[in-house]
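Model the full structure from these sequences, guided by the hints.
Protein chains: 2
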Amino acid sequence: MNIYINPPRSDWDQLLARPSMNNQQLVDRVKPILAEVKAKGEVAVHEFTARFDGVVLDQLQVTEAEFEAAEALVEEKLKAAILQAKENIHRFHAVQWEPVQEIETMPGIACWRKSLPIEKVGLYIPGGTAPLFSTVLMLGVPAQIAGCQEVVLCSPPNREGNIHPAILYAAQAVGIQRVYKIGGAQAIAAMAYGTESIPQVYKIFGPGNTYVTAAKQLVSQEGVAIDMPAGPSEVMVVADETAPPSFVAADLLAQAEHGVDSQVMLVAQSESLAQAVQAEVERQVQLLPRKKIAQAALENSRILVTERTDDFVDIINAYAPEHLILSVEDDLSLGEKIHTAGSVFLGHYTPESVGDYASGTNHTLPTHGYARAYSGVSLDSFVKKITFQKLSKEGLENIRQTVEVMAAAEQLEAHKRAVSVRFES
Amino acid sequence: MNIYINPPRSDWDQLLARPSMNNQQLVDRVKPILAEVKAKGEVAVHEFTARFDGVVLDQLQVTEAEFEAAEALVEEKLKAAILQAKENIHRFHAVQWEPVQEIETMPGIACWRKSLPIEKVGLYIPGGTAPLFSTVLMLGVPAQIAGCQEVVLCSPPNREGNIHPAILYAAQAVGIQRVYKIGGAQAIAAMAYGTESIPQVYKIFGPGNTYVTAAKQLVSQEGVAIDMPAGPSEVMVVADETAPPSFVAADLLAQAEHGVDSQVMLVAQSESLAQAVQAEVERQVQLLPRKKIAQAALENSRILVTERTDDFVDIINAYAPEHLILSVEDDLSLGEKIHTAGSVFLGHYTPESVGDYASGTNHTLPTHGYARAYSGVSLDSFVKKITFQKLSKEGLENIRQTVEVMAAAEQLEAHKRAVSVRFES
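Which chain is which? The protein sequence lines are A and B, in order. Using my numbering, the first residue of the first sequence is number 1, and each one after it goes up by one. Using my numbering, the first residue of the second sequence is number 426, and each one after it goes up by one.
Treat each hint with caution, since some may be false.
To be verified - Straight-line Cα separation of at most 25 Å, DMTMM-like style, residue types lysine to aspartate or glutamate; simulated pairs:
hint	chain 1	residue 1	chain 2	residue 2
1	A	385	B	736
2	A	385	B	523
3	A	40	A	53
Unchecked claim - Selected chain A positions facing chain B (Cβ under 7 Å, derived; list incomplete):
hint	residue
4	78
5	101
6	225
7	246
8	250
9	289
10	343
11	353
12	357
13	406
Hint data in this document are derived by calculation from the structure and do not stem from the laboratory. We put the beta carbon where it would ideally sit given N, CA and C, even for glycine.
Here it is, written out as structure tokens:
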């Protein structure tokens with residue numbers, strides 16, 4: 001991580017630049033996969049599973065027996081941790097349910113808004129070496145609170161044709177019954193178009209490799225909603241003199257181990273702090289099993305030194321970080337000034353890891369600067385909010401002139417007539 | 426409008442099919458426009474304005490003097506109507522502001538969510554014969570409540586180089602100062618990429634012709650958020666014997682006059698009602714200035730007759746209408762059963778027109794079946810919801826094991842270490 005001391009504002013754009021994403025090639029490779037699944041259904045899914053996952057499956061759907069076997073394989077202490085995390089996530093998301101509130105905008109005009117679940121949703125959970133069962137909770141819990149009637153989960157099988165037991169245990173814990181052993185773009189296609197046994201869903205959630213991401217982007221252009229655009233994960237840590245360098249370094253590395261394209265940024269209040277953190281990063285990275293990945297990610301990463309607290313705020317808002325850790329003394333007052341970030345972690349005892357797993361907030365967050373316009377996943381992501389209105393005859397009389405005048409001015413005579421006809425004898 | 430009596434469920438898909446949208450050709454025509462504006466900025470915008478709008482402008486931004494002139498041109502009764510509509514829209518949207526609610530998910534773990542405005546938003550307002558100043562209110566009011574710092578509005582100039590005065594008056598009424606005389610795909614490009622004088626925005630809202638729609642879709646793939654995918658407007662009216670046929674016919678025609686691609690659907694409880702409405706539609710359509718458009722739209726439109734109230738519910742949910750009018754006696758109880766629609770109008774005195782203009786609900790709604798996964802525009806559309814959390818050392822101790830066990834199981838050792846390092850002496 002290079003250190004930049006008091007960089008002038010004219011350099012910020014460059015210092016805060018993210019690694020560029022160019023996925024046109026990927027899109028070209030993913031399109032035929034989507035088309036095949038759309039045209040041939042499950043036959044195509046089986047073919048791609050054999051080709052990409054190296055396994056031939058008799059049945060894509062996970063059976064009751066497999067769920068039971070998985071449950072037996074998960075250690076008790078992991079089960080307890082999953083259930084604790086689930087409880088906290090439930091507690092934080094359940095209060096996001098918006099009660100119906102009727103507003104009488106004028107006498108006789110009642111308007112309200114009602115949240116209703118998106119009926120069918122699909123969750124994608126990556127497989128591979130690190131089984132992201134935590135994402136099952138982050139997506140499954142709000143889907144359950146929302147009351148989505150059909151929740152489909154796809155995750156790639158390993159060479160033995162299995163999904164990691166912790167993923168299946170977490171799925172069961174949040175009431176997901178339909179789990180399919182499908183990975184990659186073919187999983188996104190199966191959920192977007194439906195197949196013989198997999199229901200077509202209306203919205204697809206979840207992280208994935210670049211193929212999955214490209215597939216989600218493509219199906220979203222065909223009318224299937226997606227959680228949000230994807231990009232490499234990132235963290236910005238802001239630290240003042242009260243921040244222990246070892247804590248800051250550990251937080252930076254927790255992000256760096258995600259992937260070689262992860263970006264970690266430190267904004268430090270002094271050069272000595274920057275150097276101390278840098279030394280700690282170099283020391284701690286040696287201890288990590290995913291050292292190579294973390295070291296590669298650190299190449300994309302920078303330390304900015306500035307003494308002015310006002311600059312902290314401006315740098316943060318300019319970067320719009322997915323994760324923001326405020327490892328400073330006045331964490332709450334600095335937090336009040338932040339207006340662009342995915343999720344904010346305040347103080348020296350709030351590492352991002354707690355939000356990644358178990359504090360209760362969601363870990364599916366807008367990255368790559370999308371925090372400027374997007375929110376993280378929440379209960380909102382699993383519901384539609386439908387507006388309702390009911391006018392009495394008197395209510396319509398009260399608003400009659402307003403509507404008629406506006407409709408006439410927009411030259412929409414039939415809109416005007418829809419009101420006036422109700423007063424013709 | 427053809428009448429289908431008690432159609433079997435196997436026919437529903439076909440009867441509820443929407444006119445297909447194929448915009449690949451459009452995309453190919455719009456792409457170079459976006460690229461030109463991105464590369465050349467305002468020079469390109471001026472060129473396209475000359476070419477497509479047939480007018481050469483010295484200045485794109487509407488001046489203070491133009492705002493004043495516009496205000497003088499708008500009739501007093503239209504001003505009063507606009508202000509009344511604005512007040513109702515404000516009343517309905519202001520209560521959507523979500524207060525910050527701190528949740529202690531475990532002792533020492535405080536989590537909350539805070540709504541913050543999307544800093545820069547762009548609104549597109551179509552020009553042409555029917556000046557959609559009502560959309561200025563529908564987008565401008567929630568932007569104002571949210572507190573968006575920069576609100577840019579683009580609307581195409583007419584041959585004289587002006588924007589319709591009612592659009593400018595409505596913009597002023599909601600506090601929008603930056604209005605630009607730019608239309609079509611070039612307007613979307615200007616807002617998505619920014620130019621010498623137009624700020625780049627993070628989210629673009631508003632309806633438009635097929636070029637605008639294609640441009641919005643394209644820039645959304647480059648990371649600019651958009652309100653929702655677009656499609657032709659539509660209404661479904663459900664009517665029982667208590668519905669006056671003239672009211673129902675007027676509601677159907679109010680939708681039909683929008684465009685030749687609009688779709689209007691009637692679900693009637695009896696054949697006699699269906700016929701009475703059909704006769705009324707034929708009579709009333711003759712009275713309309715936009716008769717030709719409405720007649721063309723009626724070609725895409727159908728009347729389904731079914732006596733079973735349960736079928737009403739299933740047909741509605743299968744169609745997922747943008748607008749749903751329940752012109753039935755038990756409107757509230759039928760409304761309770763609806764789970765997929767954009768906006769619902771209950772009873773015989775609630776024509777869609779009131780929601781289009783002035784009752785207070787938003788008229789920017791998911792069409793083309795998008796109501797299955799999308800909500801209409803609301804205050805939510807103009808804010809990001811950022812999560813915050815703060816743990817005390819005790820709080821971290823309480824959740825320590827949960828996080829460490831989960832991180833280890835996901836083979837993310839650095840995530841685990843970010844917690845444990847805080848307890849090393």
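Each hint, compared with the structure:
1. A:385 x B:736: 23 Å, holds
2. A:385 x B:523: 14 Å, holds
3. A:40 x A:53: 19 Å, holds
4. 78: Nearest chain B Cβ about 5 Å off; hint holds.
5. 101: Holds, about 6 Å.
6. 225: 4 Å, holds
7. 246: Interface hint status for residue 246 of chain A: holds (6 Å vs cutoff 7 Å).
8. 250: Holds: closest Cβ of chain B sits about 4 Å from residue 250 of chain A, inside 7 Å.
9. 289: 5 Å, holds
10. 343: Holds, about 4 Å.
11. 353: This interface hint holds because 4 Å falls under the 7 Å limit.
12. 357: 5 Å, holds
13. 406: Since chain B brings a Cβ to about 5 Å from residue 406 of chain A, closer than 7 Å, the hint holds.
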